[in-house]
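Those protein sequence lines, which keep their order, are chains A and B.
The first sequence begins at 1 in this note's numbering and counts up by one.
The second sequence begins at 293 in this note's numbering and counts up by one.
No wet-lab data here; the hints were simulated from the structure.
With a straight-line cut-off of 20 Å between C-alpha atoms, the simulated EDC-like cross-links for lysine to aspartate or glutamate are:
no.	chain 1	residue 1	chain 2	residue 2
1	A	Lys-84	A	Glu-262
2	B	Lys-324	A	Glu-2
3	A	Lys-164	A	Asp-209
4	B	Lys-439	A	Glu-2
5	A	Lys-132	A	Asp-209
6	A	Lys-174	A	Asp-206
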Amino acid sequence: MEIPYTVSARPDTGLYNAKIGIWLFLASEVMLFGGLFSGYVFLRIGAQPGYWPHGLLNVPVGTFNTAVLIASSVTVVLAWASLKMRQFAQYKIWMGITILCGLLFLIVKLTYEWPAKFHHFGAYIKKESLAKYEPYLGNNYLAEKGLPERVEITGDLEDEASLKDESAKTYVFKELDAVNAEPTNPESDRPTFWPRPLVEKRVVIDKADVDYASMFYPRHSAYFSAYFLITGLHGLHVLGGLIVFTYFWLPVGANMYKRNPEHLANRIEVAGLFWHFVDLVWIFVFPLFYLL
Amino acid sequence: METSTAIHSHGPHDPHGHGGHEDHHELGFWQKYVFSTDHKMIGIQYGITGLCFLFFGFCLMMVMRWQLAYPGQVLPVVGPLLARIIRNDGMNSGGVPGVMTADFYNSLGAMHGTIMVFLGIVPIAFAAFGNYVVPLQIGAPDMTFPKINMASFHSFWVGGVIMLLSFFSPTGPAKSGWTSYSPLADLADQGAGVIFNGQTMWILGMVFLITSSLLGAVNFITTIIQLRAPGMTWMRMPFFCWVQLITAFILLLAFPPLEAASFMQLMDRVFGTSFFLPHGLTMGNHLVNAAGGGSPLLWQHLFWFLAHPEVYVLILPGLGIIAEVLTNNTRRPLWGYKAAVYAAMGIGFLSFIVWAHHMYLTGMGAAVSTFFQTTTIMISVPSVIILTCLLLSLWGGSIRFTVPMLFATAFLPEFGIGGLTGIPLAFNSTDLYLHDTYYIIAHFHYIVAPGTIFAIFAGVYYWFPKASGRMMNEFWGKVHFWGTLVCMNIVFFPMFLQGMAGMHRRGFDGGATYDLAKPVIHWNTTISHAAWLMGLFQLPFIFNFFWSMKFGKKVGNNPWNATTLEWSAPSPPPHGNFTEPVAIYRGPYEYSVPGHNVDFIPQADPQGPRTDAGAHGH
Chain A
1 MEIPYTVSAR PDTGLYNAKI GIWLFLASEV MLFGGLFSGY VFLRIGAQPG
51 YWPHGLLNVP VGTFNTAVLI ASSVTVVLAW ASLKMRQFAQ YKIWMGITIL
101 CGLLFLIVKL TYEWPAKFHH FGAYIKKESL AKYEPYLGNN YLAEKGLPER
151 VEITGDLEDE ASLKDESAKT YVFKELDAVN AEPTNPESDR PTFWPRPLVE
201 KRVVIDKADV DYASMFYPRH SAYFSAYFLI TGLHGLHVLG GLIVFTYFWL
251 PVGANMYKRN PEHLANRIEV AGLFWHFVDL VWIFVFPLFY LL
Chain B
293 METSTAIHSH GPHDPHGHGG HEDHHELGFW QKYVFSTDHK MIGIQYGITG
343 LCFLFFGFCL MMVMRWQLAY PGQVLPVVGP LLARIIRNDG MNSGGVPGVM
393 TADFYNSLGA MHGTIMVFLG IVPIAFAAFG NYVVPLQIGA PDMTFPKINM
443 ASFHSFWVGG VIMLLSFFSP TGPAKSGWTS YSPLADLADQ GAGVIFNGQT
493 MWILGMVFLI TSSLLGAVNF ITTIIQLRAP GMTWMRMPFF CWVQLITAFI
543 LLLAFPPLEA ASFMQLMDRV FGTSFFLPHG LTMGNHLVNA AGGGSPLLWQ
593 HLFWFLAHPE VYVLILPGLG IIAEVLTNNT RRPLWGYKAA VYAAMGIGFL
643 SFIVWAHHMY LTGMGAAVST FFQTTTIMIS VPSVIILTCL LLSLWGGSIR
693 FTVPMLFATA FLPEFGIGGL TGIPLAFNST DLYLHDTYYI IAHFHYIVAP
743 GTIFAIFAGV YYWFPKASGR MMNEFWGKVH FWGTLVCMNI VFFPMFLQGM
793 AGMHRRGFDG GATYDLAKPV IHWNTTISHA AWLMGLFQLP FIFNFFWSMK
843 FGKKVGNNPW NATTLEWSAP SPPPHGNFTE PVAIYRGPYE YSVPGHNVDF
893 IPQADPQGPR TDAGAHGH
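The shape of chain A in the complex, shown without the other chains (with noise of 0.2 Å):
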């Protein structure tokens, strides 16, 4: 027994199997991260003033990973196109790139901008603290122009193990975020695109003062919270792209090729599409998160 149109297009319809197969599960895929992005909107509008953070994010280091993914967008278009005029060795090019593009992305993601997160510290001060850590947040400043006030300092802890210690009252600062530092300087108001150094300032917080503190996990904030449930969901997407790609790309995929080229070809266009689903949840990820 056979299953028809697995390679071929059925006439009535123009597609192969395969083809309506992604398209559907792409759509369940938009509902799966639009549910996530409604749960940020939905987040995001009801969290009270200063607690939605700006500015933790690198946006340089972002950008180099949006055209990253962008650029493996084009060549999988290429590694498809090539299959297509039946040129196996340029195939091979143009995926070998596609898939490092992608590994490239998930290095950056996994072996810098995450960590350096987890090494990174905020205390949100209680209300009726604020006044109290004033050189720190500016504030005073900040309602003279109208902004909205600042409630946590963030910057790097001199001995992160003492958040263990449950006897210990008070969290030392060895390191301030340059907004904390300089909470009145005009550069602070807003988040800027080159991130600011950290400055060397030794702070201690009394932790009565703090209503609620933590490393930049994702237990740190709902901002947080969403930042990493969602850059982690997709990070899986391009890890699970990454593996079919790289099994194209290993003999299984020019045994297909000499059995059926144009089997080879559907497989790596109805990949390919998914690949450009995963490049498009990006374009959302990277306004929503470092830029607005």
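Based on these hints, arrange chain B on the given structure of chain A.
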């Protein structure tokens, strides 16, 4: 006219000519029964697993009914046994083996809902019947993606096993309702191991079940679009295939937001995020140690965005089964076939914009409430169209009261009761009073229990001869039907009265603590006895099912004299389904065509008039 175009459009080589004869090699046990890629075996796997879960879910309810009828008393025989099996103290309240704790009652309720909906009804009505029947009805050799089909069943199975294992976790299974409302569910079972606790396992199980549904849905839609046999135009498809297609779309698009929500709840529970935890949340007079900034309403929106369309996932396949059985036994075409198809599409679309009628009590404001109560009332229109089509199909028919037909006939008024009692719930003002009472329980059970489950029984009796080549016993089928019908109504009808009196649906003592429930609380014992009796009346079915597989009366290809394509295949159909190429010449319900000496003309019979489904006037 569409006949010729459809046949020609299939091109020079006929892909359906590869049927049955090629795969004669015997498959081993594992390949045949466990790792099967044949849609029929997968359908049977889904069916049997689903029926087991259906019965298991019912057993949970029978245990709950003891607590409601006789609160705080030792459940005879079963109670002490459960006390030993379950790891926590769920059935060991106050150190007395066999007495239920409130927590365990909650667990039973949550798991009853979860199991019935996600592990019982959907796998049977959608996955089992859909897998078995749809490819046969459209003349396909199999599903488009047989391996994905297998993965779908395995994913379902893993999800089911995780749900079952949660009964043995130290905390007992999930206890925050099948809706798993946050922050209740976020904070439940904390501190009992990161993964091996009821609520987290519930989430993980759901993720697998959702994955399974998605894989199935993609497969169904692609199959129906791509693998229809020559001549099987859209308006010649049996109504059953139409509703399966629409159901698949609903599953495809409604489930992912719940998957998103499940991931969020998983993050909340495992990584301490606060998607659903607001600022300043306290539990037991302690401030919850979380960043806050989340929203409990977010969960409700994402959950009901799935769970309302899910209601139509539960009922649409049922309506499809009823349409098949009804037309076959009235020996008449489906009245208003096209209207029914368009109505089903309307339901599919509208089901996505009614979800917040489950949330009137959250105080959404007049504008939003008005929107949702308007759409909710709108969706009753296509539902009534379908029910009307089914009812009018009875008119002037010479009805054969076979066992499937008995269930199908009973379905109509029972589904009607369920539907009509839903109207007061659509309106904000009346819903505020009826919300979370037994009235709700009665309402949706009338839709799903004497509704969908009757349709499932009708389907099992109707297609059993196709799948096994043997009839089920008619006498025991009738015993099963009458017993179930009577008990079902004694169980659910009094719940309307209890609900209207204000009895709360989640009370662990059946309302004993509330004065307002006093006048109706006596129904609890009646209902419980009817539920247990109904349990007994399932035994003839179970016995009949297995006995008939081996010893039932042997039948040919078409024992019911039916018209649709599955009856042109051998019983049971071989791998690849059809022994020779099939082509379709007419609509699905050509019964009692005037001027013919037989009262049915199969879709695949080249002799006779060539029509579309709604196109004839007899």
